[in-house]
Amino acid sequence: MSDQTTYDDDSVLAAEYALGLLDGPELQLAEGRLAEEPGFAELVHAWEIELAGIADEVEPVAPPPRVLAGLRHDLFGEQDRRWWQRIGLIPSVVGAAAAAVLVLIAVEFGLIDTGSAPVPTYQAELASEDAELVVAAAYLEETGDLVIERRAGGPRPDRALELWLIPEGSAPVSLGVMPEDRIAAVAVPRSLRPQLATGAALAISDEPAGGSPTGAPTGEVLAVGPITAL
Amino acid sequence: MLARTALGDRDAFEALYQATSAKLFGVCLRVLKNETEAEDTLQEVYLRIWDAAVRFRPGAASPMSWMIAIARNRAIDKLRARKPASEASTRDDGTDLLAELPDDAPGPEAVAMAGDLRAQVLRCFEELPDDRAQAVRRAYLDGDSYADLARHFGVPLNTMRTWLRRSLLKLRDCLSR
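Taken in order, these protein sequences are the chains called A and B.
1 is the number of the first residue of the first sequence in my numbering; add one for each residue after it.
231 is the number of the first residue of the second sequence in my numbering; add one for each residue after it.
These are calculated hints, taken from the structure and not from any lab test.
There could be a bad hint or two in this list.
[Said to hold, decoys possible] The calculated label-pair distances, taken between Cβ atoms and stated as ranges, are:
no., chain 1, residue 1, chain 2, residue 2, range
1, A, Pro-60, B, Leu-277, 32 to 42 Å
2, A, Gly-199, B, His-382, 53 to 63 Å
3, A, Ala-62, B, Arg-367, 20 to 30 Å
4, A, Gly-176, B, Ala-311, 38 to 48 Å
5, B, Leu-277, A, Ala-184, 39 to 49 Å
6, A, Asp-23, B, Lys-263, 21 to 31 Å
7, A, Glu-31, B, Pro-386, 18 to 28 Å
8, A, Glu-31, B, Ala-242, 29 to 39 Å
9, A, Asp-130, B, Ala-252, 16 to 26 Å
[Said to hold, decoys possible] Non-contacting residues of chain B with respect to chain A, defined by C-beta distances greater than 10 Å in every case (computed):
no., residue
10, Ala-252
11, Asn-264
12, Ala-282
13, Ala-299
14, Arg-312
15, Glu-356
16, Glu-357
17, Leu-358
18, Asp-361
19, Arg-362
20, Arg-381
21, Arg-407
Yeah, the Cβ is synthetic: ideal placement off N, Cα and C, and Gly gets one too.
Please build the complete structure, drawing on both the sequences and the hints.
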C-alpha cells in the first residue's frame, strides 16, 4: 500500500494507529508524526479515549487480592522503609514496616459529642497490616487530651503496647503505655502539644510490661498512622 | 513530610483501585484470555497510572476512558509480544499516551462530551454493517492486524484496508456529530 502512505484524512490514520492496525512503513510514518505533530498526537489520543467505549461491552472481573498486594509492595513498600529509617526507629522495623502498615481512613471519629464536648482537631488511625491491631486517636487541642479507641487487638501476654508521638523530622517521644480501657484519654504533656499536628505521626510498639526501658521503642513497631487535621 | 504525602496519595490510589480494577482486569482478561498474564498486566497498568496520575487534572477527560486506554494498549502489547513476529504489528507501548497527558488534556467541552462518547462509539457501531463493527472490535480487543482481519473475513488484504478505512471515516463522522 505504498500508494496510500498519505491520507486525505489524518483522522483515519490516527484511528488505524490507535487500533494497532498499521505495520511496516505506515506504522513508521504514524509514529514519526506522533512524535513530531502535536495535532496528530491529539487525534490519536482522542481516538484512544473514544475507542475505550468499546470496553463497555467487557464484563468487569474482580482481580485476585494478590494484584493489589503486589502494587502495595511495588509502590509503597520501599517508601515505608525509607521513611522508617529516616525517622530513626529501630532497625528491626525494616522487617516490621511491611507488616505495620498504616491505614488512614477518612472516617469520622464518632467518639465525641460535638454538641457539648470539645471538638477534636486532629485524628489518626493506626492499624497493623493484618488488622489484628486497630487504634483510632483523636486529639482535643483545647484540653490537651488524646482520646484513644482500641478497636481491635491488645498487648501480647506480659507485654505492653506503648504509644509514640513522632514529631515531623525527629525521633519518637513516648506518650506512655496504652491504657487497658478500650476507650481512654491520654494527657499529652504540655511541651509536646505543639508537635502534635499535621506532619507528625502516631505509632504503637510492643514493649516489656511497664513500657520501654530506654525511652525509645525497643520492640516491634506494630502500627503507625499519620496525624491529620480534622 | 514525605510519608504524609505518600500516604495521602496511597489512600487515593487504593480508592481508585477499588473503583476501577474490576473493569480494567476485565479488559486485560478479554484481550489476553490468560489470568496470570492479565494479572501481571493489570499490575503494570496501575504502576503506569500511578506514575501518570500526578499529571491528572481534576475533572479532566473521563479518567475511566483514559485508564481503559492504558490497560487495553498494555494488554495488546503483551498479546503481540506473544504472537509470532510475522503477525505482530508492533506499536508503541502506550508511553505516548501518558506523555501527552499534561498538554493534551481535553478542554471542558471535550470533558462534557466524554461521557456521551463512550457509549457513542457503540451507538455508532450500529450505523456500520455488522461485520465492519466486528472488525473494529477485533482490532481493539483481539489485537487483530489488517492481515489477521483479512484472513478472518476471507477477503484480500487491500479490500480489508479499504473496508475498514471507510468504516473508520464513518465512525469518525458519527462520533463528531
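- Query: Beyond 10 Å from chain A, beta-carbon-wise, is B/Ala-252?
  - Reply: violated (4 Å)
- Task: Classify the label on B/Glu-356 as holds or violated, using whether its beta-carbon is more than 10 Å from each beta-carbon of chain A.
- Result: Answer for B/Glu-356: holds, closest chain A Cβ roughly 13 Å.
- Message: Please check whether A/Asp-23 and B/Lys-263 have a Cβ separation lying inside 21 to 31 Å.
- Response: holds (23 Å)
- Nearest-CB test (10 Å) between chain A and B/Arg-407: holds (13 Å)
- Far enough from chain A: is every CB of that chain over 10 Å from the CB of B/Arg-381? At roughly 14 Å from the nearest Cβ of chain A, B/Arg-381 sits farther out than 10 Å, so the non-interface label holds.
- Task: Could you let me know if the closest chain A CB is still more than 10 Å away from the CB of B/Arg-362?
- Result: holds (13 Å)
- Query: Has the hinted range 39 to 49 Å been met by the Cβ atoms of B/Leu-277 and A/Ala-184?
  - Reply: Holds: the Cβ-Cβ distance is about 42 Å, inside 39 to 49 Å.
- Query: Taking the beta carbons of A/Ala-62 and B/Arg-367, is their distance inside 20 to 30 Å?
  - Reply: holds (24 Å)
- Task: Taking the shortest Cβ-to-Cβ distance between B/Glu-357 and chain A, state whether it exceeds 10 Å.
- Result: Correct as stated: the minimum Cβ-Cβ distance to chain A is 14 Å, above 10 Å.
- Closest CB-CB distance from B/Leu-358 to chain A, is it above 10 Å? Correct as stated: the minimum Cβ-Cβ distance to chain A is 13 Å, above 10 Å.
- Query: Is B/Ala-282 truly not at the interface, in the sense that its beta carbon sits beyond 10 Å from all beta carbons of chain A?
  - Reply: holds (13 Å)
- Message: So B/Asp-361 supposedly isn't at the interface. Is its beta-carbon more than 10 Å from every beta-carbon in chain A?
- Response: holds (16 Å)
When each numbered hint is compared with the structure, violations occur for hints 1, 4, 10, 13.
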